[in-house]
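2 protein chains.
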Amino acid sequence: MSALPPGSTIGILGGGQLGRMLAIAASRLGFQVHIYSDTSGPAFDVAAGHTVGDYNDTGAIAAWAEKVDVVTYEFENVPLTAAAAAAAIKPVRPNARALEAAQDRLTEKRFIADLGLAVAPFAPVDDYESLETALNEIGTPAILKTRRLGYDGKGQARLTTDDDAKSALDTIAHAPAILEGYVEFECEISILLARAVDGSTACYDIPLNTHVNGILATSTIPGPLPDPMTEKAIDAASRVASALDYVGLITVEMFYAGENSDQPLIVNEFAPRVHNSGHWTLDACAVCQFENHIRAVAGWPIAATTRHSDAVMTNLIGADVNDWPTLAGEPNACLHLYGKNEARAGRKMGHITRLAPIAS
Amino acid sequence: MSALPPGSTIGILGGGQLGRMLAIAASRLGFQVHIYSDTSGPAFDVAAGHTVGDYNDTGAIAAWAEKVDVVTYEFENVPLTAAAAAAAIKPVRPNARALEAAQDRLTEKRFIADLGLAVAPFAPVDDYESLETALNEIGTPAILKTRRLGYDGKGQARLTTDDDAKSALDTIAHAPAILEGYVEFECEISILLARAVDGSTACYDIPLNTHVNGILATSTIPGPLPDPMTEKAIDAASRVASALDYVGLITVEMFYAGENSDQPLIVNEFAPRVHNSGHWTLDACAVCQFENHIRAVAGWPIAATTRHSDAVMTNLIGADVNDWPTLAGEPNACLHLYGKNEARAGRKMGHITRLAPIAS
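Protein chains in written order, with this note's numbering: chain A, 1 to 360; chain B, 1001 to 1360.
Certain hints may be false.
[As the list claims (entries may be wrong)] Cut-off 30 Å, straight-line C-alpha distance, at most; resulting in silico cross-link-like pairs (BS3-like, lysine-lysine):
| # | chain 1 | residue 1 | chain 2 | residue 2 |
| --- | --- | --- | --- | --- |
| 1 | B | K1154 | B | K1340 |
| 2 | B | K1340 | A | K90 |
| 3 | B | K1090 | A | K340 |
| 4 | B | K1090 | B | K1067 |
| 5 | B | K1067 | B | K1340 |
| 6 | B | K1154 | B | K1166 |
| 7 | A | K67 | A | K232 |
| 8 | A | K90 | A | K67 |
| 9 | A | K67 | B | K1340 |
| 10 | A | K166 | A | K154 |
| 11 | A | K340 | B | K1154 |
| 12 | A | K166 | A | K340 |
Everything labelled a hint here was simulated from the structure, so no lab data went into it. The structure presented is a predicted model; accordingly, all values stated were derived computationally and were not measured.
Please model the complete structure; the sequences and the hints are all you need to start from.
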C-alpha cells in the first residue's frame, strides 16, 4: 500500500482520549475517522463515524474494517482475534506482533531481554511454589505484576519480605504473573519514537516522567538525559521497533540510573501506541505524536519531531479537573479536557501543558 | 451567563473549514459542538452533532438553539432573522449588531468612519446616476463593490476611467453597491483581536497578508508594523470591537501606507469571526484564534496570545492541494487539509504553516 490520500478513512479501535486526539490529528490531515469501541467515549465527539461493538465480535470488527482504509488502535489490549479479523480485511498498524508482545509482561520482558537490552530481574509466577522459587532468585523488595491487563499501577502487589507472598498472590487474584526485582534508578523517562512503513524513524526529545499512585503525573521536557545517554535510549527504542517491524508511534518506558551506573538505562515496558507522556508534543512541537502516528499508519513520511518550546505536562486526574476556571486563566498554558462526564478518582480527565521558551 | 462549564454545547452556524477548526478548538476545551449548516461540510466530521437546514428556516434554527448552550457562527452572512431566532433562545456571540454592520459594506464603512478611523473614500451607488455622482466625487481609478455578499474578490468591478461605469454596473448585476476610491498603500495587514464578555481583550501579533486574484495567499508573521503603528492598529481594532460590544475574535483588515503617510493605517473591512489570516496562530501560538473565539463565546477568559515561533501561512487553493505528498515531507511545516472532496479552482482546500524560531 502506498500513502493513503487525504479523504481516506482511518479506523481506530478504542474510543478514549487517545483515540480522540488521534482522530483530531487525522482530521487535520484531511482524513475521515471511524472509531470502533465497546462503549461511547470521548473520541466519538470528534470522529465522522463510530461503531459500538464488542471487541470479541470478530464479525462486527470485520464489517467495520470493510468501511475503513487502514486500522490502528489506541490501547494495547485489543484482543488478538480482533486484530486478526481486521487484518484479514485491511492493514493493521502497528501489527499484531506488537500487540502480542505488549499484552503479556512475561513475553514483553523476554522479548526486550532477547534484544540485549537491560531489564529488571524477572521470573514467571503461576502459583505459590513458583513465587517461592522466584523470590529465592530475585529476593525482596520485589513487585508481583499480573502478566495481562495491568495498567496505571493496577494488578500489582509489592513484597517487602518473603512473608508477603501469600497476600501478594491474593491481591492479584492468583492470576498468571511475573515477579520483578527492584532496580535502583534516578528517574523515569519515555522514548516516543515514530517509525514509518519504510522503516525510517524520528524520535521526540525524551521527557522526565513522574508518577503518583502508579499514574503518570507529569512529563517535563527537556528531560535529564545527557547526549550520550539520549543516543543509547533512542538506539534501544529503535531496536524494539525494528524487531517488531513496527509502524506507528511506539513508547518505550525506561528507568534512568545515572551516567555512572553499570546499567544506566533499564527498559521497563513499551506501549504500542501514542502515550500520555507524549501529550506535551501537541503544544511544544510543530507536529505532535498523534499526527506522526497517523502519518505512519497512513503510509506517509514521519514529520520532523522538532520542538519549539520547553514544556511541563501535568495530568488532570479526577477532581483536578474542577480547577478548570483557574487553569483557563493561566498564560502560556494549553488546557486539554477530554469531555468525560464524571470526574471519578484516578480517572484521566484532561491535561495542561505549560510552555516556556527553550532555555539556551 | 457566567462561564459555561466543560461539557456544555457550543452551537456553530456554518459547516466550512472555519467551523471545523472552531469545533476542534471547542472539543479541546471539553465542549460538545453542534453545527447548523445548509449543507454537509468539513465541520461535520469533527462535531458531535450536526443539523442540515436552511438558514432562513427560523423554526429549525430555534429548535437547534434549544439543544445548545450558546450560539456562534463561522461566516458573516448569517441572515439576521436566523440570528434573531437563535438569540430569542440562547445567547448569540458575536451579537447581531456585529453581523448587521459586517453584512453591508455601506453600513460598515459608515460605522468605521464614524469611529474616527481612516477609510478609503466611498460613496453609495444604487444606479447609473448615483455612480456618476460618486465618480465625480471620488474619481478614478476606483472600485465598485456590491454592498452585500461579496467575498474573495467576488461582486467587484474596477473602474479605470469614467467610461467603465456601465460595464462595471453590469458586472455587479446592478446590485446596491458602493464606489471606493483607491488608496496608496505599502501592504495589507489584519488585526486579530479577541474580546471577552467582560470587555477584556488580547490581540495577536499582526501579520502581513498577500492576495492573489482577490484571495488571501499568504500571511507572514512577524508583519511589517513598527511598534508605534502596532499600538495604533490595535487601538483601532479595539474601538471597532468596543463599539459593537463584541464578544469573540474579530478580524480588522487594514492597509498600511507607511509611517510617513498622513494616513498610515486605513481600515478596509472587518469580519465578525475567525479569519484565514489568523490560521498561523494554530501552530505558532500556545492558544490559537479558534480557541480564543470559543473561550470568549463560552464566557471564559481570553488566553494570552503569546507567539512562540515565526510563521508563514500559505493557502492551498484548488489544485495546490495535489502537492500534499511533497508538502507532507517538509520539516517544520504544519499541514492542514480541510477534508473537501473536490479541488475546484479558487476553493480553499487547506493551508500549510511553515515555522521558524523567532528571529532575535
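Outcome of the hint check:
1. Our distance criterion of 30 Å between C-alpha atoms is met by K1154/B and K1340/B, whose separation comes to about 21 Å.
2. Distance restraint check for K1340/B and K90/A: the Cα-Cα separation of roughly 24 Å lies within the 30 Å cut-off, and the hinted pair is therefore satisfied.
3. Simply put, K1090/B and K340/A have alpha-carbon atoms about 24 Å apart, close enough for the 30 Å limit, and the pair holds.
4. Proposed proximity of K1090/B and K1067/B is supported: the alpha carbons are some 10 Å apart, at most 30 Å.
5. With a C-alpha separation of about 27 Å, the suggested pair K1067/B and K1340/B falls inside the 30 Å cut-off, and the hint holds.
6. For the suggested pair K1154/B and K1166/B, the alpha carbons sit about 18 Å apart, so the restraint of at most 30 Å is met.
7. With a CA separation close to 42 Å, the supplied pair K67/A and K232/A exceeds the 30 Å bound.
8. Straight-line distance between C-alpha atoms of K90/A and K67/A comes to about 10 Å, which keeps the hinted pair within the 30 Å bound.
9. A distance of roughly 19 Å separates the Cα atoms of K67/A and K1340/B; the hinted pair therefore holds under the 30 Å criterion.
10. About 18 Å separates the Cα atoms of K166/A and K154/A, which keeps this hinted pair within 30 Å; it holds.
11. A threshold of 30 Å between alpha carbons decides the hint, and for K340/A with K1154/B the separation of about 44 Å lies outside it, so the pair is violated.
12. Between K166/A and K340/A the alpha-carbon distance is near 38 Å, which puts this suggested pair outside the 30 Å criterion.
Hint violations for this structure: numbers 7, 11 and 12, all remaining hints satisfied.
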